[in-house]
Amino acid sequence: MTVRNTLRDHGQRFRPRMASLNKAEKVILEMQDPKTGVKSQPQRLVITTIPHAITGEDIIAWLVERFQIDRQEAGNLGSMLVALGYVYPLQEHKRLVIKPDQSLYRFQTPYFWPTQQWPVEDTDYAIYLAKRNIRKKGILELHEQEQYNRLHKWMNHKWDFIVMQAKEQYRAAKERKKPDRVVFECQERAYWVVHRPPPGAVSGMDYGLDRRMDPNADEPKTPDFYGRITIFTQQSIMRPRVKSSVSIGAMVKHCSTYARHDPFLSKCLPSNPWLTDDAAYWTLNTPSVETPTRMRVERWTLSFGELLSDPGGRNDFRLFLKKEFSGENLAFWESCEDLKWGAAATMREKAEQIYKTFLARGAPRWINIDGSTMEVTVKGLKHPHRYVLDAAQTHIYMLMKKDSYGRYMKSPVFKDTLKKATCPEEHRFSLAQLEHNAKNRRPSLSPIALRRLEQEQKAKMAANVDITQLCRFTTPVPHLAVYSGIPDFPFADTSPSHPSLAHTPACPSPISVALESSSASERRAEAGLGEGEGNPAVQAPAGGNASKSRVAMSLRRLLKRGCTSSSMFASLSPKCHSAAGTSSRIRPLSPAQPGPAPPRRITNFFQIKVDIPPECRIYPIESEDEEQEEEHRASFRGGVGAKEIICPWESLNPQG
Amino acid sequence: MKRWRCSVDELAARRRQQGECERAQEALSRVTSCFQQLLTSLGSSADCSFLRDDMDEMRVLAHRICHGLSQRLVHLLSDCYPLGVEDRQVLERLWVLFLSALENFLSDLHKARHLIERFPLNQHYQRRSLVNTGCIDGLVGVAARVASVQAPWLTLEEKPSPGLVNQITGLDVMLTEMQLRVPVAFWSVEATQAAWAEVHGEVDEPDDSLEDLMEAEVVSNNKEAACFQLPCCGLGCQVEEGPRKTKKMLKKHRSKDK
Numbered sequence: 000m001t002v003r004n005t006l007r008d009h010g011q012r013f014r015p016r017m018a019s020l021n022k023a024e025k026v027i028l029e030m031q032d033p034k035t036g037v038k039s040q041p042q043r044l045v046i047t048t049i050p051h052a053i054t055g056e057d058i059i060a061w062l063v064e065r066f067q068i069d070r071q072e073a074g075n076l077g078s079m080l081v082a083l084g085y086v087y088p089l090q091e092h093k094r095l096v097i098k099p100d101q102s103l104y105r106f107q108t109p110y111f112w113p114t115q116q117w118p119v120e121d122t123d124y125a126i127y128l129a130k131r132n133i134r135k136k137g138i139l140e141l142h143e144q145e146q147y148n149r150l151h152k153w154m155n156h157k158w159d160f161i162v163m164q165a166k167e168q169y170r171a172a173k174e175r176k177k178p179d180r181v182v183f184e185c186q187e188r189a190y191w192v193v194h195r196p197p198p199g200a201v202s203g204m205d206y207g208l209d210r211r212m213d214p215n216a217d218e219p220k221t222p223d224f225y226g227r228i229t230i231f232t233q234q235s236i237m238r239p240r241v242k243s244s245v246s247i248g249a250m251v252k253h254c255s256t257y258a259r260h261d262p263f264l265s266k267c268l269p270s271n272p273w274l275t276d277d278a279a280y281w282t283l284n285t286p287s288v289e290t291p292t293r294m295r296v297e298r299w300t301l302s303f304g305e306l307l308s309d310p311g312g313r314n315d316f317r318l319f320l321k322k323e324f325s326g327e328n329l330a331f332w333e334s335c336e337d338l339k340w341g342a343a344a345t346m347r348e349k350a351e352q353i354y355k356t357f358l359a360r361g362a363p364r365w366i367n368i369d370g371s372t373m374e375v376t377v378k379g380l381k382h383p384h385r386y387v388l389d390a391a392q393t394h395i396y397m398l399m400k401k402d403s404y405g406r407y408m409k410s411p412v413f414k415d416t417l418k419k420a421t422c423p424e425e426h427r428f429s430l431a432q433l434e435h436n437a438k439n440r441r442p443s444l445s446p447i448a449l450r451r452l453e454q455e456q457k458a459k460m461a462a463n464v465d466i467t468q469l470c471r472f473t474t475p476v477p478h479l480a481v482y483s484g485i486p487d488f489p490f491a492d493t494s495p496s497h498p499s500l501a502h503t504p505a506c507p508s509p510i511s512v513a514l515e516s517s518s519a520s521e522r523r524a525e526a527g528l529g530e531g532e533g534n535p536a537v538q539a540p541a542g543g544n545a546s547k548s549r550v551a552m553s554l555r556r557l558l559k560r561g562c563t564s565s566s567m568f569a570s571l572s573p574k575c576h577s578a579a580g581t582s583s584r585i586r587p588l589s590p591a592q593p594g595p596a597p598p599r600r601i602t603n604f605f606q607i608k609v610d611i612p613p614e615c616r617i618y619p620i621e622s623e624d625e626e627q628e629e630e631h632r633a634s635f636r637g638g639v640g641a642k643e644i645i646c647p648w649e650s651l652n653p654q655g
Numbered sequence: 000m001k002r003w004r005c006s007v008d009e010l011a012a013r014r015r016q017q018g019e020c021e022r023a024q025e026a027l028s029r030v031t032s033c034f035q036q037l038l039t040s041l042g043s044s045a046d047c048s049f050l051r052d053d054m055d056e057m058r059v060l061a062h063r064i065c066h067g068l069s070q071r072l073v074h075l076l077s078d079c080y081p082l083g084v085e086d087r088q089v090l091e092r093l094w095v096l097f098l099s100a101l102e103n104f105l106s107d108l109h110k111a112r113h114l115i116e117r118f119p120l121n122q123h124y125q126r127r128s129l130v131n132t133g134c135i136d137g138l139v140g141v142a143a144r145v146a147s148v149q150a151p152w153l154t155l156e157e158k159p160s161p162g163l164v165n166q167i168t169g170l171d172v173m174l175t176e177m178q179l180r181v182p183v184a185f186w187s188v189e190a191t192q193a194a195w196a197e198v199h200g201e202v203d204e205p206d207d208s209l210e211d212l213m214e215a216e217v218v219s220n221n222k223e224a225a226c227f228q229l230p231c232c233g234l235g236c237q238v239e240e241g242p243r244k245t246k247k248m249l250k251k252h253r254s255k256d257k
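Protein sequence lines correspond, in order, to chains R and H. Numbered by numbering that gives the first Met the number 0, the letters in the first sequence go through residues 0 to 655 in order. Numbered by numbering that gives the first Met the number 0, the letters in the second sequence go through residues 0 to 257 in order.
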């Protein structure tokens with residue numbers, strides 16, 4: 000018995016409307032007319048004749064006549080009628096198509112017509128199988144046997160009823176005359192071929208998931224209903240309008256670009272799994288496959304969005320950026336995505352980390368965004384929410400799109416990928432092979448397993464990042480590590496704050512660690528000054544030690560002054576170019592002064608004094624006491640991110 | 000002593016009632032399956048007013064069986080009766096079987112109502128739109144099969160027969176009431192037969208009317224023809240022991256005829 004919970008039935012049990020059923024019924028009834036309907040003939044069996052058999056040819060001719068359509072269309076319409084179950088074939092009962100020849104069909108009785116009002120019950124199917132079992136002495140088809148066993152297990156509590164009913168129905172059917180009995184059995188069999196199709200076939204009545212509301216019922220015209228219609232029309236009016244030439248042009252362009260990549264419009268190599276039941280296409284196109292297919296790589300050339308949205312494309316792009324030492328753009332973009340789509344609980348911390356890693360002055364992976372965007376972003380970060388980094392993210396996205404993307408397309412990385420891309424051969428399956436495929440359909444990897452693999456990969460990538468760039472400021476948190484990406488800037492603890500001047504890929508963001516060794520000693524010398532170590536001197540490769548001390552001095556002065564101007568930053572950024580060459584030989588150093596970034600500052604991080612304009616502070620929550628700052632700096636060598644950010648452009652200060 | 004005798008009487012009464020319920024269940028099965036056979040002809044070229052009258056009779060009969068059975072089952076399973084574990088199991092099984100049968104019957108009734116609305120036979124021209132399904136029978140045999148059904152309370156109680164719509168609502172209400180009133184865990188009921196057991200149950204002559212139209216048709220054809228020629232024999236043939244007896248009786252009758 001069904002578990003009819005009459006008290007709390009909120010279930011989704013309405014089936015989507017199949018308007019075709021009503022129309023098909025009308026057509027079928029028209030076919031019955033003795034004068035204008037389809038010609039019927041008796042079917043001759045050995046011992047008897049059964050009337051009302053019709054040939055496929057007659058059906059198609061009638062449809063052509065009635066609807067004034069061509070033969071192929073009529074064939075499709077006829078096949079639809081057969082697939083739904085209004086007409087069933089007498090020969091080859093499992094193939095539900097209309098054959099335009101002398102093969103025989105018969106109309107299905109209205110009791111067995113497909114309907115949406117009542118679902119097809121498994122109980123009835125069980126009774127049918129039991130009856131068939133009795134009649135054929137246990138010789139059922141393979142899928143029927145499987146279904147039988149399954150139903151016996153799941154309907155065990157009413158199995159006695161099922162068997163009893165099957166026996167009674169069997170005996171009742173025997174009371175009929177032989178020809179009628181034959182007809183009835185044909186009808187029943189045809190009904191179950193439609194509603195419980197053999198493997199490899201799809202039921203014509205398959206409609207997907209159930210709905211909560213009954214689409215066949217009329218919606219009552221309540222004020223609520225009219226309210227909804229009003230809102231809908233208001234919103235339609237408010238939508239911005241575009242000239243049709245423009246929109247049509249865009250649509251044409253889109254179609255012509257994507258036509259070859261659309262599995263409906265063009266062939267899917269090697270073959271469409273939905274048609275041939277061969278999953279090669281999916282295995283060749285998994286997100287983390289080694290060698291992507293040529294079609295996939297072609298897609299990356301279509302637009303930057305395509306490249307980024309494909310995980311394989313993104314990986315390739317990341318590789319390219321790594322070679323160009325401008326990976327922080329992509330890393331920032333990815334971290335913004337993570338913030339936007341991530342869980343609300345960790346949002347605050349994430350925003351914080353992103354700021355510290357990418358946006359703060361002297362951040363380890365500093366991205367170059369213009370001043371107004373930075374201002375807006377920093378202001379927004381006081382009260383962080385999901386979309387607080389939207390402006391910055393858009394800026395970086397456009398940057399990557401206009402600049403890196405073009406270079407990527409011409410780069411050896413991409414050319415290499417293109418060369419290695421596979422182009423699978425098209426499958427050519429015979430009918431027997433198709434059936435074999437259908438029988439051997441296996442479910443793919445469960446999404447839970449896939450997600451686990453994804454997490455493991457992410458963790459692996461994160462682990463890679465951590466080893467080579469242990470930044471004192473950025474406490475290695477997993478989510479951060481993910482979008483830190485591949486370590487393209489080696490980090491040493493000795494240089495805790497290396498602002499990454501990643502304005503252009505040519506400009507290496509990491510500070511030259513080659514200068515580390517020398518700077519370390521220097522820093523130790525300057526330790527007493529409470530100077531932030533930091534070795535920003537990418538720009539002064541030749542300067543060597545001298546410049547470094549100058550840098551250190553100037554920074555102190557800078558910090559004492561307690562203000563920087565964005566214009567200064569801007570003016571200094573072009574200078575990065577000169578330092579391009581040296582950084583390529585940067586190697587990561589092991590951290591000389593390991594120390595975890597103390598979390599002290601974090602509590603104060605967002606207690607912002609609103610009146611203080613951001614330009615006058617390195618960090619929004621700078622304490623006004625400079626002595627205190629220096630003291631802090633002294634006590635925390637590696638310090639908290641706030642203090643020890645060194646601005647590399649300092650070397651080009653007027654002092655130098 | 001007296002108490003012991005009383006309890007024995009009680010036990011006997013209960014056993015008797017259980018037996019009644021089981022027989023009623025089988026009767027219900029028979030009536031509903033015959034009802035379904037008739038239902039398959041609704042809307043087809045074999046549809047006629049006689050068919051519908053037969054259907055009405057059957058459904059009224061089924062209705063009465065249902066009512067009686069439900070009353071008795073509720074009475075037996077309600078808490079006033081102290082039941083042993085085995086008794087309770089048997090009754091629960093009967094309960095589950097009855098509810099399943101009732102649901103099945105209800106779905107058939109819904110379909111019947113829908114089809115009768117769809118294919119009204121009041122006017123003669125409406126016969127033109129009946130579907131030509133190839134069936135031409137008047138289903139006499141099936142109706143006859145039902146006529147032999149007996150249930151102990153059928154003769155006792157005479158209730159007014161409800162119309163189709165009322166019957167549907169009435170049975171619906173009864174179903175929900177029963178489910179609410181007596182808490183039976185239907186998943187605890189187990190089948191008494193193993194899977195594939197029914198294959199060996201019905202001993203019958205080979206009956207592959209679809210696949211092997213050639214063979215064995217002669218035998219069954221004769222049998223059926225004989226059945227219809229001898230209505231009395233037909234009635235008498237409605238024995239549950241199986242068609243072997245039927246065959247024997249038929250042979251006897253045929254020889255007698257000849």
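There may be inaccurate statements among the hints.
Unchecked claim - Over 12 Å on every C-beta distance to chain H, these chain R residues come out as not near it, computed from the model: (1) 34; (2) 109; (3) 120; (4) 304.
What the hints assert, rightly or not - Restraint ranges, calculated between C-beta atoms of paired labels, are given here: (5) R:285 <-> H:171: 27 to 33 Å; (6) H:193 <-> R:258: 35 to 41 Å; (7) R:449 <-> H:18: 21 to 27 Å; (8) R:46 <-> H:171: 42 to 48 Å; (9) R:209 <-> H:11: 34 to 40 Å.
To be clear, the hints were calculated from the coordinates, so they are not data collected in a lab. Note that this is a predicted model, so its numbers are computed, not measured. Cβ coordinates follow ideal geometry from the N, Cα and C atoms, glycine included.
(message) Quick check: does the Cβ-Cβ distance between residue 285 of chain R and residue 171 of chain H fall within 27 to 33 Å?
(response) Cβ of residue 285 of chain R to Cβ of residue 171 of chain H: about 52 Å, so the range 27 to 33 Å is violated.
(request) Would you assess whether residue 34 of chain R, listed as outside the interface, keeps its beta-carbon beyond 12 Å of every beta-carbon in chain H? (result) violated (9 Å)
(request) Given the hint of 34 to 40 Å, check if residue 209 of chain R and residue 11 of chain H actually sit that far apart at their C-beta atoms. (result) Once the Cβ atoms are compared, 50 Å apart, the range 34 to 40 Å for residue 11 of chain H and residue 209 of chain R is violated.
(request) Just tell me: holds or violated, for the beta carbon distance of residue 449 of chain R and residue 18 of chain H against 21 to 27 Å? (result) The hint (21 to 27 Å, Cβ to Cβ) is violated, given that residue 449 of chain R and residue 18 of chain H are roughly 59 Å apart.
(message) Is the claim that residue 304 of chain R lies outside the interface with chain H correct, judged by CB distances over 12 Å?
(response) holds (53 Å)
(request) Mind verifying the non-interface call on residue 120 of chain R? Its CB should be farther than 12 Å from each CB in chain H. (result) violated (7 Å)
(message) Taking the Cβ atom of residue 193 of chain H and the Cβ atom of residue 258 of chain R, is their distance within the range 35 to 41 Å?
(response) violated (59 Å)
(request) Measuring Cβ to Cβ, find out whether residue 109 of chain R lies farther than 12 Å from everything in chain H. (result) For residue 109 of chain R, whose nearest Cβ neighbour in chain H is about 3 Å away, the distance does not exceed 12 Å, so it is violated.
(request) Could you say whether the range 42 to 48 Å given as a hint is met by the Cβ separation of residue 46 of chain R and residue 171 of chain H? (result) holds (45 Å)
Taken one by one, the earlier hints fail for this structure at numbers 1, 2, 3, 5, 6, 7, 9, listed in ascending order.
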